[in-house]
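A.B. asks: Listed below, chain by chain, are the residues.
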Amino acid sequence: MAFCTGCSLLCDDIEVDFQGGKIKKTMNLCRKGHAHYDSLGVDRLAPAVDGSSVGIDEAVSAAAEVLAGAENVLLFGWGNSTLAAQGAGVKLAKKLGCVIDDPSSYSQGLITEKILAGDFPTCTFDDVRNFADVSIYWGDDPSSSHPRHMSRFSYFPRGEKRQRGYEEDREAIVIDVRKSPTAQIAADGFFKILPGGDGEFMEALMATLGGKIPKVEDKKKMLNLGTKLRKAKFGVIFTGPGLAHSLGGDLAGFASLVGRLNELTRFSVIPSLSDYNSRGFNQTLFDKTGHVNGVSFKNGVDHGPEFGIAKYLDACDAVMVVGSDPAAVLPGTLAKKLAKVPMVAVNSFKNLTTDIAKVTVPTAVAGLEVGGSALRADGLRVEFDAFVESDYLPDVEVVERMMEAV
Amino acid sequence: MVSVMEIYQLLPKTNCKKCGLPTCMAFAVGLLGREKTIEDCTPLLEEAKYEKKLEGLRELLAPILSADATETGMIIHDEKCYGCGNCVVACPVNVANDPKGTAIGRGPVSGKAILMVEDGVVKCVNVDECRRFGPNKVLCSACIVTCPSKAIEFI
Amino acid sequence: MAGKAEVTVITYRGIFQEVEEALGMYSEGYRDQSALVVLDKGEVKELGVEDGQPVILENGFGKVVVTAKLSEDPHPGVAFMPSSPWSAQLASGEVGEDGILDLKRFRAQVSKANEAVTTIEEIGERIRAA
Ligand code: SF4
Ligand code: SF4
Ligand code: SF4
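Protein chains in written order, with this note's numbering: chain A, 6 to 411; chain B, 5 to 159; chain C, -18 to 111.
No lab work stands behind these hints, which were simulated from the structure alone.
Keep in mind it's a predicted model, so treat the numbers as computed, not measured.
Hints are not guaranteed to be accurate.
In silico DSSO-like pairs for lysine-lysine, Cα to Cα no more than 30 Å straight-line [what the hints assert, rightly or not]:
1. A:Lys236 x A:Lys197
2. B:Lys154 x A:Lys30
3. A:Lys29 x B:Lys127
4. B:Lys21 x B:Lys40
5. C:Lys44 x A:Lys345
6. A:Lys184 x C:Lys93
7. B:Lys127 x A:Lys27
8. A:Lys342 x C:Lys44
9. C:Lys22 x B:Lys84
10. A:Lys341 x A:Lys96
11. B:Lys141 x B:Lys154
12. A:Lys96 x A:Lys293
Here chain A stands alone, though its shape is the one from the complex (with noise of 0.2 Å):
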């Protein structure tokens, strides 16, 4: 049995057949996992300084000499780390008293951090496979991004309170702004809105609730959603990054009808987060801070949209990105920024990032060449060993030697 470090399921039923470095055969892992699997020998990224390979111990402390010399230094990425990683990242930010931050900073990061804080309920994915017989997909298309969360959990499966499966014991709800591979799945659950109308669905939403017509186009079927909700046993809302982007910073419609549901009766949210251990990132810095991304140490522990990335770009005069892609990801213009900054960059695969950067140290892929921790996108904490020998550096490795050499 093998995990997949391929998206933040984690499915850890995998079969690997694996001869002379290549798959030869895989069961259970979706197309997406298999191919993360199969890409373990292609772009890998070498140890480099200013464009000339050089040895792995040269690159480690050209890149400490890059964090050293700075005076406000960001530490970037860390979706793509194991906990031990994550860490020892959050060890070096506050030695060096610099910036951490994620992705999740200018995407889901505002309702991750609310769930950790206990603001929003919350619940495993094997409580949703038990219990849940209502799933709303907001913004979030997991056929897409998250393969085998509907077999696995959300829709199809059996368990102990939904023996039926999802004919008569589960309701799927959609809703997004095109019919997305799930939305063809949950058939009349689709809700389709205006870009940007996730806001004004949510009001209609709660209106319908309190027992109001709402002010919508087809107000049956909207009243049928009340109905739906008002008699869930176990609801659950995974929100996607088409809901974190339209609502921007403003969660305060998205609290109330969180609020509104578990008046009525029980829901729970779980962010669908993209990065396998984005969750463990969150946790790590939210246990040692109080917030999930964008913290200073400069002096004690400050945090604030000003130390995001998006923001921080302006700021800052070095950078050093584990295990993300900022450059493919950032707005162009944001991406030009940060090609301007000296950078090291902390990788198992080549990128649009280390492509850029001055210094590139390349770790071993966790799940597959190194073992480790992560955090399911649900919380759940998941072990997992390797199941290849590789010559890579584990992650944390990387990140202890540069707390030494800076």
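Fit chains B and C with the ligands to the known structure of chain A by using the hints.
C.D. replies: Using the frame of chain A, we list chains B and C with the ligands on its own:
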């Protein structure tokens, strides 16, 4: 999806009964269900005037008769499959045969599952267990309606 | 012929794009799955845009050439695009007060292109350029 009417249009429509069935319509149903083969309709093969029809019928039925289709007529379009396992977990035969594996959302553990995900795409084994198979077949569609990408088709 | 249409672009992730990304983001497969935009067929007919042909997408933030996919289902004024380095070139670089970026939605103009689809290397060069 090939329909009975499409097949019927390409038959002699004489109800000659040489195929052993009372009508050409019944023979069309038989062809679709693969209980009959084109060769059972001797006039179609022997009479020159049906040459065009025979050609059309062979073309129409080619996917049904191809090696890709399992005995139930299931075609899996590998290139479309996500490997999500929805069909695997929803299939009533898997649920009954593999209660500790696929029924609860995991990979199969009993060796009796008929759908499973191998190398990132779905695969059908033990096809004779499928509800669409054999004399008591029912029109199960659990593996079609649960699929996000229409990767499974029956012909 | 030549004209431009203004659309709201919504980005999304597709599994085949994720697969190609895992298998190597410098590959043609990744470009085929990422450098594309789904347009409303009826809406872009007058622009001379054809299915599978390159189109220019541009706005105040940037410009890319991607492959047009024309959809039969009408979605006037809206276009869909995989979120990728290509879509990022057009996403707004304005940072909200709360630090959140709108990577999922932006306005852009579409027009027929007489040039090849932008490569990932070109995007890399643009990012590095002074
Ligand atoms: S769902 Fe995610 S963790 Fe599970 S096999 Fe697919 S990629 Fe891997
Ligand atoms: S038709 Fe029904 S029994 Fe046959 S494989 Fe599909 S889901 Fe299973
Ligand atoms: S056939 Fe469809 S439902 Fe089954 S694994 Fe493939 S994509 Fe999923």
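A.B. asks: The structure should be examined with respect to each hint, and the outcome stated for every one.
C.D. replies: Consistency of the hints with the structure:
Note on lysine 236 (chain A) and lysine 197 (chain A): the hinted pairing holds, with a Cα-Cα distance of about 22 Å set against a maximum of 30 Å. With a CA separation close to 24 Å, the supplied pair lysine 154 (chain B) and lysine 30 (chain A) stays within the 30 Å bound. Under the criterion of a C-alpha separation no larger than 30 Å, the hint pairing lysine 29 (chain A) with lysine 127 (chain B) is consistent with the structure, at around 16 Å. Under the criterion of a C-alpha separation no larger than 30 Å, the hint pairing lysine 21 (chain B) with lysine 40 (chain B) is consistent with the structure, at around 13 Å.
Between the alpha carbons of lysine 44 (chain C) and lysine 345 (chain A) the distance comes to roughly 21 Å, so the proposed pair stays at or under 30 Å and holds. A distance of roughly 26 Å separates the Cα atoms of lysine 184 (chain A) and lysine 93 (chain C); the hinted pair therefore holds under the 30 Å criterion. For the hint linking lysine 127 (chain B) to lysine 27 (chain A), the alpha-carbon distance of about 21 Å falls within 30 Å, and the restraint holds. Between the alpha carbons of lysine 342 (chain A) and lysine 44 (chain C) the distance comes to roughly 18 Å, so the proposed pair stays at or under 30 Å and holds.
A distance of roughly 23 Å separates the Cα atoms of lysine 22 (chain C) and lysine 84 (chain B); the hinted pair therefore holds under the 30 Å criterion. Distance hint between lysine 341 (chain A) and lysine 96 (chain A) is fulfilled; the C-alpha atoms sit about 29 Å from each other, no more than 30 Å. Between lysine 141 (chain B) and lysine 154 (chain B), the direct Cα distance comes to roughly 22 Å. Compliance with the 30 Å bound is thereby established for this hinted pair. A C-alpha spacing of about 10 Å is found between lysine 96 (chain A) and lysine 293 (chain A), which places the hinted pair at or below 30 Å, so the restraint holds.
Consistency with the previously given hints is maintained throughout, with no hint failing.
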